[in-house]
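K.L.:
Now for the letters of each chain:
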Amino acid sequence: MRILPELEPRTGDPGHWRFTTVLVALALTIIAGCIMFSLLGHAPLKALHVFFIKPVSSFNGLAELGVKATPLVLCAIGLALCFRANVWNIGAEGQLTLGALAASWFAITWYESESLMLLPVMIVAGVVGGMFWAGIPALLKTRFNANEILTSLMLVYVAQLLLAYLVHGPWKDPDGFSFPESRLFPDASAVPRILPGTRLHAGALFALASVAAAWLMLGKSLPGYRIRVTGSAPSAARYAGFSANAVVWLVLLISGGLAGLAGMLEVAGPIGQLVPTISPGYGFSAIIVAFLGRLHPVGILFAGLALALSFIGGELLQIEMGLPLAVTLVFQGMLLFFLLGSDVLLNYRLVWRKGATPAGSAHD
Amino acid sequence: MTDVLIAMLITIVSAATPLLFAALGELVVEKSGVLNLGVEGMMVMGAIAGFAATTHSGSLALGVAGAAFIGALMASVFAFLVLVLMANQVASGLALTLFGIGLSALVGSSFVGTPLDGLDPVAIPGLSGLPVIGRLLFNHDVLVYLSLGMVLAVWWFLNRTRAGLILRAVGESHDSAHALGYPVVWIRFAAILFGGAMAGIAGAYLSMAYTPMWSENMSAGRGWIALALVVFATWRPLRVLVGAYLFGGVTIAQLHIQGAGIDVSSQLLSMLPYLATIVVLVIISRDGARVRLNAPASLGRIFHSSGSK
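Heads up: the protein sequence lines correspond to chains A and B, in order. First residue of the first sequence: 0, per numbering that gives the first Met the number 0; consecutive thereafter. First residue of the second sequence: 0, per numbering that gives the first Met the number 0; consecutive thereafter.
No wet-lab data here; the hints were simulated from the structure. If you're wondering where the values come from, they're calculated on a predicted model, not measured in any experiment. Among the hints, erroneous ones may be present.
To be verified - If we take Cβ atoms under 10 Å as the criterion, some of the chain A residues that face chain B in the derived model are:
(1) P8
(2) G280
(3) I286
(4) F290
(5) P323
(6) M333
(7) N346
Positions of the beta carbon are idealized from the N, C-alpha and C atoms, including for glycine.
Looking at chain A on its own, in the form it has when it is part of the complex:
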């Protein structure tokens, strides 16, 4: 007698399941979160309230959501393009760091500048810095066939150590009482705030623009079409004469550029100087954002807001209930587990059969 249903590969469009599975994953994450809080000895409902509701129950909280969602969405849009092309860039965190470093060089060198050109130059530097760092795995993959998962990730550690070296060494604030921090950036480099009284800055507009641009590119342009075909049907792409290497370069450079922009916006926006840690792991969480958003630009926008909530919620839990900040990562990891698990419903149909095992599937 069989208790478990059988899985049958889905042939048609998964329809509403594309969204239903996201909701299932979110619900399961919240249930698992309740269990986790109980095990840690905290009232689960109170903890969930602090984690999910409190961050967005004030005007300032909503603005903070935008501040945190900005780097997440920027990184995730780029990663979604990579993942769609079957290029596994998981080094967005390093590309973000390099973008921040490239932009910071200008702000630190011209720390008394009042030039209107400083900010635009730093934006370009941030994008170029991120592109450079993503270009390394692109070069190593296309030229030497080296696995981009490992190279892009190794470069995260290298970038973070480079940042640590710079703030402990050459770029340390000479008037800073030997704290490992750079000078404060000049006002001319500050990303303008767009909501008075909050930290929400113009970077949010870049994030929205990246969503729109990616949506147009994927849906309406030839490069976007090439990305999709290369990822979903590599042999068809070869037959059509699309260069696989060109696609690898394209998605990695876009993704690196966006991550670099995100890093630049962080140091020139909310932070305002270089410090040893400029990101609480936005580049890694963006991987989850990309999957939660179903690799679709609009989905990523919402997923970015959801993950931003988890960052703020984690901070509030630390302040109000003394829980370690790592709660955020646990939540994010669980969410990705449940999401990937529930994806089975996208690709397969559940079939309940009665009676004997049908012929042809002796093992299950």
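Starting from the known structure of chain A, arrange chain B on it as the hints suggest.
P.N.:
Frame of chain A, contents of chain B only:
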């Protein structure tokens, strides 16, 4: 002079041992056709599990066993996702790593700063007294001996046993293995659990022997380096041994350059193992045909018994 050299070589052994455990485990997993990118997460969970179990029980053996168990438990979550729910292996492995780093930090927050009496070297009677070689080869902690034993065990299992042959067959062509009547899913499940236990022990080595303490994210990318080692070794256990000791050498060289008073920043030197990983990957992968020849043919592909999707 020889004393310094011997001390240096001994530290290479201890830097290499966690890489060796984790890479050997992952090698078996990949030989079965599954790519588990969660090594880092399982390793860091093993580190906290070993540390916590030792602190509570006072027994180092229980610590190691606990680390192996937790590593395997983490791996079982991954196995369920990719084998039963047929989830994407790359994404599931990443999820395992993120989850492991978070959960270990959460569980471990109360252990930060707690001291631990780590594993002591076990001198092998009769042999450890030999000049030079005695200290170099026969005076290590028990996990070092175990890791070397595992190299031989994994080699013997894969190349000399019927079970190893079946495991490799599953990794080369899961559809053929299935058609021959082998339980593809269960074989892979077992391989993944083994990989998890090995990653767990690797973590335990970090928190119980290498630096007997717990700190957040203490595996510091070693799980990823272990993954690169498997490629470096072109899926052969004996080459994993060579690779792990080479990387141990790079890690230790970095410490000794600092110790020698050469004026290079510690942060820049710490980049060495990561840069070395990239360089090695490039050298090995350059010859694409050779990597394809040695890599298990079904690596990373999803298996569904009613036909491939």
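K.L.:
Provide an ascending list of the numbers of those earlier hints which the structure does not satisfy.
P.N.:
none
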